[in-house]
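Protein chains in written order, with the numbering used here: chain L, 1 to 101; chain C, 1 to 164.
Just to be clear, a hint being listed does not mean it is correct.
Said to hold, decoys possible - Computed list of lysine to aspartate or glutamate pairs in EDC-like fashion (alpha-carbon distance at most 20 Å, straight line):
| no. | chain 1 | residue 1 | chain 2 | residue 2 |
| --- | --- | --- | --- | --- |
| 1 | C | K30 | L | E92 |
| 2 | L | K86 | L | E99 |
| 3 | L | K97 | L | E80 |
| 4 | L | K97 | L | D82 |
| 5 | L | K86 | L | E98 |
| 6 | L | K86 | C | D6 |
| 7 | L | K86 | C | D54 |
| 8 | L | K95 | L | E80 |
| 9 | C | K30 | L | E99 |
| 10 | L | K95 | L | D82 |
Honestly, the hints are just simulated from the structure, not real lab data.
Quantities reported herein were computed from a predicted structural model and do not represent experimental measurements.
Single-letter residue listing:
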Amino acid sequence: MNALIALIAVLPLFLIGVYGILARRHFIRIIISVEIAMSAVILTIGTFATVTSSFGEVLGVLVIIIIALEAALGLAIAIEMDRTYKSVDILEIRKLKEETQ
Amino acid sequence: MDLAVDTNTIIYILAIAWATIFSFLAIKTKDVLYSAVFLVGMYVSAAWALIQIDAWFLALIYLFVNAGGVLVLIIFAAMLTRPTIDIPPTRRISLAALINSSLVVLLIAILLLISRAQLTTSFTSNFSAIIQFLFSNYGISLLILSVAVLSIYLGAIYVASEEK
């Protein structure tokens, strides 16, 4: 398989993730979008693992762990946000913060 | 540049296409719980693509951690927060964000144009080689990462706990 084909195939997945991060307001949905974008990154690393052998896979495993951490911390922040501001809409929270300042 | 497409490549592209469709549905659907359901489809399709290129170890870890761990966290977070279907689905994307995205796409396109790597077909995941790599060459890194993992999980528990 050619690396070019593999990378072009993964690109739409990454762009959908980026679109989700930019366009969504719901905090959990933004975390889901980050997950999607990072899945594209893992697929790219997996693709290049076929060239670099074990190093690529080790890198992929480490990235998977870091993504899981990011999701855990992000979702904990979402719960705390809901408790404090009674919302997980990031624009609404920004407005509330501006009003209180 | 040889762009010949064989059966493996077609199945790989098919798996990625499924992953893309599921991720699009996960972004577009209004209910977060439905998003989580579509996310399962995305994880399975992506793992299928990884298995297709014989990176089965990475595929297994990916499926266990994401479909087993992260997804449960997302479902719990969606259940513990307020129902949010009433939140408008989109916000205005600023010009700067669009320009930045275009630059990223341009950079990737340039990288793709200059890349001529031919992926090897004899590759398959080697469990013992990965373990040897992790515990010898990257032993210290793994140790530091383990401490970071533990502290971040404890931090997440602290942030989410009601009484601080």
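Hint by hint, here is what the structure shows:
Of the pairs offered as hints, the one joining K30 of chain C and E92 of chain L holds, with about 18 Å between alpha carbons and a cut-off of 20 Å not exceeded. At most 20 Å may separate the alpha-carbon atoms for a hinted pair to count; K86 of chain L and E99 of chain L meet this at roughly 15 Å. The hinted pair formed by K97 of chain L and E80 of chain L meets the criterion: a straight-line CA distance of about 15 Å does not exceed 20 Å. Note on K97 of chain L and D82 of chain L: the hinted pairing holds, with a Cα-Cα distance of about 14 Å set against a maximum of 20 Å.
Taking the CA atoms of K86 of chain L and E98 of chain L, the gap is about 16 Å. The hint holds against a cut of 20 Å. For a cut-off of 20 Å, the pair hint linking K86 of chain L to D6 of chain C is broken: about 53 Å separates their Cα positions. Between K86 of chain L and D54 of chain C, the direct Cα distance comes to roughly 46 Å. Violation of the 20 Å bound is thereby established for this hinted pair. For the given pair, K95 of chain L sits about 17 Å from E80 of chain L by alpha-carbon distance, which is consistent with the 20 Å threshold.
For the hint pairing K30 of chain C with E99 of chain L, the CA-to-CA distance comes to about 28 Å; that exceeds 20 Å, so the pair is violated. As the CA atoms of K95 of chain L and D82 of chain L are separated by approximately 15 Å, the hinted pair is consistent with the 20 Å bound.
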